[in-house]
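2 protein chains.
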Amino acid sequence: MNTGETHVGAASIGIDIGGTKTLGVILSYQGNLVAQLRFPTPSSSAKIIEHVLMVYSQLSREAGDDVDIASLGIGVAGLVDTAGELRRAPNLAEADGLRLGEMIGPSLDVPVHVDNDANCAALAEIRLGAAKDVDNALLVTLGTGIGGAVVANGKIFRGGFGLAGEPGHMLVEPNGIRCACGANGCWEAYASGTGLRNLALRRAETGELQGLVQELGGEFEGITGELISQAASAGDEEAIAVVDEYAKWVALGLANCAALLDPEVIVLGGGMVGSWHLFGPKIRGLFEEFLIGSEQRTLVQIKPAKIGEAAGAVGASLLGTVQGTNE
Amino acid sequence: MNTGETHVGAASIGIDIGGTKTLGVILSYQGNLVAQLRFPTPSSSAKIIEHVLMVYSQLSREAGDDVDIASLGIGVAGLVDTAGELRRAPNLAEADGLRLGEMIGPSLDVPVHVDNDANCAALAEIRLGAAKDVDNALLVTLGTGIGGAVVANGKIFRGGFGLAGEPGHMLVEPNGIRCACGANGCWEAYASGTGLRNLALRRAETGELQGLVQELGGEFEGITGELISQAASAGDEEAIAVVDEYAKWVALGLANCAALLDPEVIVLGGGMVGSWHLFGPKIRGLFEEFLIGSEQRTLVQIKPAKIGEAAGAVGASLLGTVQGTNE
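Keeping their order, the protein sequence lines are chains V and S. Residue numbers for the first sequence follow the numbering used here, beginning at -18 and rising by one. Residue numbers for the second sequence follow the numbering used here, beginning at -18 and rising by one.
In short, the hints are calculated from the structure, not lab data. Hints are not guaranteed to be accurate.
Where chains are identical, the list cannot tell them apart; a pair therefore holds if satisfied intra-copy or between any two copies.
[Said to hold, decoys possible] Below, in silico cross-link-like pairs of lysine-lysine (DSSO-like), each with a Cα-Cα straight-line distance of 30 Å or less:
1) K136 to K2
2) K284 to K28
3) K136 to K284
4) K28 to K136
5) K28 to K229
6) K263 to K113
7) K136 to K113
8) K229 to K263
9) K263 to K28
10) K113 to K287
11) K229 to K284
12) K284 to K263
13) K229 to K113
14) K263 to K287
None of the values given here were measured: they were computed from a predicted structure.
Model the full assembly from the supplied sequences, consistent with the hints where possible.
Written as structure tokens, this is what we have:
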């Protein structure tokens, strides 16, 4: 019997735990964003459990009585296996080996699903965003670290142990810049947000970027990727040179992935998307230079993520709607 | 009516066109190798068409009247799209753009299938060899160039345009050794048979490998990967150092692929398999060092190809038995 009341109805909660910030959303079954909250990510793994429960509870309150929460999905930066265990998380201190799903599930009365944050973002983009209806795609998020997800034959490809789609630690410059994982020369050390800062710092140390360094009171350490993007947008030639170098590394890594995966579309997410005008065209041009046989290939489209920074959380909220282990 | 005659029955022909040699086989429908022939690969694309027809006709004669040839499969080194066009072939001169299937089909009265040589080898290994019954695998052939094939969810993964699985031109050392494709620092320039020679030449030019160079009358150019393997097997310390460096590059590239694909098994094919005792254990150890989170992962098995150098041709002969475009 229809009572005539307005009712959002069934919805799900998605929480995206990034290296520095956590985003929580409520997504209705019609695909509408009902609420969105942002918190800093705590630094230790013990606190992450409490933290997720706190975010869940705040979102539930936000939802109110009109909304029936049917599931919780958690996206987390790192290697998440098919059982929901966080095997390795270079950008989350002390979280290696954390059995997130097992630890949170018993405290809640809804099913809990855990996946890699980039797999979540990819799920959002193939269901609702830039890769909608694309069968073979690569999604790469350039944030504190680099996340990735492979869409193969219309589904998120998980590989043999659930850990596929992690291009951040592909080595692109042996003996190069030190990465958060401890190795030298990972793609992430060049092409993440941290990488943009690394490239700028390396130049600042040799006397470049004087304007920016002076604004920071002579302190190199204050340089951020965001400041570089702003300076480049304002026409600072040395900042533009950093952006060019950064775009080269992004393109090189994407071409490496494309040689192996032959995607139709590459979707780039993360903070850099906000300055797409600055990065996008450069990355596209250099990608074609780096990809073997690009003159003979059908052009791979490189697009910014459509759902924006909430993609990980929106995709996490969709985890409960995925059948089986290979979507 | 059974006439009592012995009869091999239906069989298919597979031809593997490599950068330097061509191998042709007849495979019975029971999976037995009925015949095998070897020829040098001609240098121009016009001759490749004649060449394939010649190999097919010699194999047909070899088969005799007892065998009904049901199909021809051709494996070729390079980027082969889903229509059987050879888009790019860095190791086959003048063959870019060659529509092999279209050009050979009308001359024969059997169906003709064309695929990348490494996809063929992978098909042989997942049907009959080292990756039998494995759902997620990576096959890499280290020959004149590097070939690759990705097995995803039990099928050969072709990507958006049929060109997936080509790791040879992933850049692993920007500004590094020049590759046959024209770029600098491709994995192939370090980890193929040509790469092994490149690494040895670089050392010989700085005065190393004197024993080997003297045996060659002082001519660096005579150095081959095979000579390095022989010298290393005989205990030559400097040749062993080349093998160590080579194993490092092979392992680095495999780890890059594994970060993206998370395979259960990696199968290595190509000439190097003949000296597996020399290379295999070193590659395995270094692979674990290079792969992100290898301590937290389930161990990826690295195995030599089982079917050996005929894998490409055997797999090509199986192309006619594959349904659809995604196996």
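Intra- versus inter-subunit Cα pairing at 30 Å for K263 with K113 | within (24 Å within a copy, 44 Å between copies)
Homo-oligomer pair classification [K287, K113; C-alpha up to 30 Å] = Within. Shortest intra-copy distance 10 Å satisfies the 30 Å Cα cut-off; inter-copy 41 Å does not.
Using 30 Å as the alpha-carbon threshold, which applies to K136 and K284: within, between, both, or neither?
-> both (19 Å within a copy, 28 Å between copies)
Given a CA cutoff of 30 Å, do K136 and K2 count as a within-copy pair, a between-copy pair, both, or neither?
-> within (28 Å within a copy, 39 Å between copies)
Tell me, please, which holds for K229 and K263 at an alpha-carbon limit of 30 Å: within, between, both or neither?
-> Classified as within; 8 Å inside a copy, 32 Å across copies.
When no copy is named, should K284 and K28 be tagged within, between, both, or neither for a Cα gap of at most 30 Å?
-> Neither. Shortest intra-copy (36 Å) and inter-copy (42 Å) distances fail the 30 Å Cα cut-off.
For K284 vs K263, is the C-alpha pair at or below 30 Å within one copy, between two copies, both, or neither?
-> within (12 Å within a copy, 40 Å between copies)
Quick one: K263 to K287, C-alpha cut-off 30 Å, is that within a copy, between copies, both, or neither?
-> Within one copy only: 19 Å inside, 45 Å across.
Check K136 against K113 for me: Cα-Cα at most 30 Å, and say if that holds within a copy, between copies, both or neither.
-> Result: close both inside a copy and across copies, 11 Å intra and 24 Å inter.
Pop the pair K28 and K136 into one bin, within, between, both or neither, using alpha-carbon distances up to 30 Å.
-> The answer is neither: 33 Å in one copy and 42 Å across copies each exceed 30 Å.
Should K229 paired with K113 be assigned to within, between, both, or neither, using CA atoms and 30 Å as the limit?
-> Close inside one copy (27 Å), not across copies (40 Å); limit 30 Å.
Evaluate K28 and K229 at a C-alpha cut-off of 30 Å and name the case that applies: within, between, both or neither.
-> neither (38 Å within a copy, 40 Å between copies)
Consistency note: the structure conflicts with the earlier hints numbered 2, 4, 5 and 9.
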